[in-house]
Amino acid sequence: MSNIVVDKSKVPWWVSNLIVPLVNLTLALIVSGVFVFIAGENPIEAVKLIIYGSFGYIQGFAYTLYYTTNFIFTGLAFAVAFHCRLFNIGGEGQAYIGGLGVFLVAINLSFLPVPIVWLLSIFGAFLFGAAWAFIPAYLQATRGSHVVITTIMFNFIASSLMIFLLVDVIRDTAQMAPHTVKLPEQLWLPSFEAFSGILGVKIRYSPLNLTFLLAIASLFFVWFLIWKTRWGYEMRAVGHNTKAAVYAGISPNKNIIIAMCISGGLAGLLGVNEILGVSHKIQAGFPAGYGFTGIAVALMGRNHPIGILPAAFLFGILYQGGSEVTFEMPNITRYMFVAVQGLIILFSGALENLFRPQIESFFVNRLNKDKEAKA
Amino acid sequence: MEFLSDIASLINSTLRISTPLVFAAMAGIFAERSGVIDFSLEGKMLMAAFVAAVGSYYLGNPWLGLLLAMLACVSLSMLHGFASVTHRGDQVVSCVAINILIIGLTTALAAAWFGQAGLTPTLTGDQRFLEINLPFAQALSDIPIIGIIYSDILSGHYIFVYLAYLSVPIVYWVVFKTSFGLRVRAVGENPSAVDTAGINVFAMRYKALAINGVLIAFAGAHLSTAVNANFFREMSAGRGYLALAAMIFGKWHPKTALIACLLFGFTDALQIRLQGVELPVVGEIPVQLIQAIPYILTVVLLAGFVGKAIAPNAIGQPYIKER
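Residue numbers (my numbering), protein chains in the order written: chain A, 1 to 375; chain B, 1 to 323.
It should be emphasised that the hints constitute simulated quantities derived from the structure, not laboratory data. Beta carbons are placed, not taken as given, at the ideal position from N, Cα and C, and that holds for glycine. A few of these clues could be false.
[To be verified] Calculated lysine-lysine pairs in the DSS-like style (CA-CA distance at most 25 Å, straight line): (1) A:K10 to A:K371; (2) A:K254 to A:K243; (3) B:K255 to B:K207; (4) B:K255 to B:K177; (5) A:K8 to B:K321; (6) B:K321 to A:K243.
[Claimed, not checked] Far from chain B by the CB rule (all over 10 Å, computed), these chain A residues: (7) Y57; (8) A174; (9) I295; (10) A375.
Take the sequences, apply the hints, and build the full model.
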């Protein structure tokens, strides 16, 4: 335990919000390199492959942005709940059920004008995701059932429920595999290729689509919600000091439920990207761990949209570059990148104060010296 | 007679299926009674399963595998302590980090060392724990009632099953009847009072976490070197969380936690039995929904029929020594 005492008011913002997170990230990546080495591959080569895979060609970069889209949604989802001191580990299940919402709305209302179907599907995704988060939220608020356990359980339950639906209820009966029929083609969200086609550039297929803009809009939405509305203020108050919030006339129970539902709704939006944008049908297990990655994204981005955007982009690089690595290096599977996520959560979440006092005092002392030298 | 043997085999499976839950719940009691939240039971169980399977494969002895699993789990507990006790990081975040790290790391290493499927090699012969037949089980099996209880229910389990149920009274004794246990509970309830009495709060929490690591290692080894003969991806399948729910439902007490674990075990045993069976009124329930029963039960139990769960007072709060 360090005994260094730093006057917080003298620490420049860029030290605590930029330098410290970067140091933590670097530590996580160094340890990841050790794991890659233990697995029998060269970490430096792996980094080169990651950079080539995610930036080296247009198609790769489009994939990076496609992953970024998903991570913005799930990262924001975790962050909103976290501002109310709730750990929504259930992004995975909420995204799964959100996908169901998108599909049901789109397939049943496909007779409406296309933009209206899109809007209603987005709403459906949000509503279904929010509904899946509501029960754990309600139980936390009224019964004190810890959301970490209940949301994890709801991930398992969502997975069972969706497999049941995909096998027995909404399966495309012409196929053996458990997935639904494809949505009518006019409902597919325009892809990046379509846009580049308009500009006269021809590129190969990528899953990047219009949902990326929805993700950017969600960043603004969350920023506005948390810092500019009364709801956001109340949520933060409950998260910061429940007792004080109660004295101020704020209901913790109401805010727990609101925060969790908005959080679940944001996770549900992942379904828009996956179903309206990419596969156009529900496939078993489509959230593929994006919900869990959202935890790392939010913690790395310090639960602020301005931080979540670069964090989501970084994970986009890791995912897309990572698939390049798994392709080239037989000893590395995508699970190595799950481990990397764990390390990033560890170093930028749980151990975020590991070197913070040392770094902050180093910069404060230096700045003081500079001032003295000038004077 | 067939009905009786059906019941006997159901109870037999219940005892076996509850075993990892019991170890995990006991491990959880130590950590949480000392004031440290432990959602990382899941990750540690998985780590133990991986290390035990790999260890007994290379060393040819499941006991050595178990020992390595203990070392691995104690290290993870120490990591949790380092982050959340020493550096006062968020305890839940630390647990989530450990769980995700271990899900990734175990499968990634299994794939790197033993091929893409992410399975460890099948343990054979001496590498694996064997079922123990209690003395005279064969001879007594024909006696009515006693024969069923002794030979069909109690005999023929892996050693972990017996150890698990033995651990419950021991944990009860340590936590509630020894001065060490009193101190563990005290740092979880009122750390500053304990500090005033001259006991090192940090050291107590680390000790409790070390015991937690040893206990959870049994759960993982049971999964990969006894009931199964290898490690596979995410084989802990939420058991760490179920055990935690059982512990909370049992109000952080070994005896009631044991009952909750047995309830989970029974539901799971029943769920396996119900698959593909035509039930009166409802007919055959789809297998995916049956498999969700333990998870639904967890939520229902946590919601609690018996009032709000009251955790140890200082749980989740890092201790800051006054200066």
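Which hints from the list above does the structure break, by number from lowest to highest?
9
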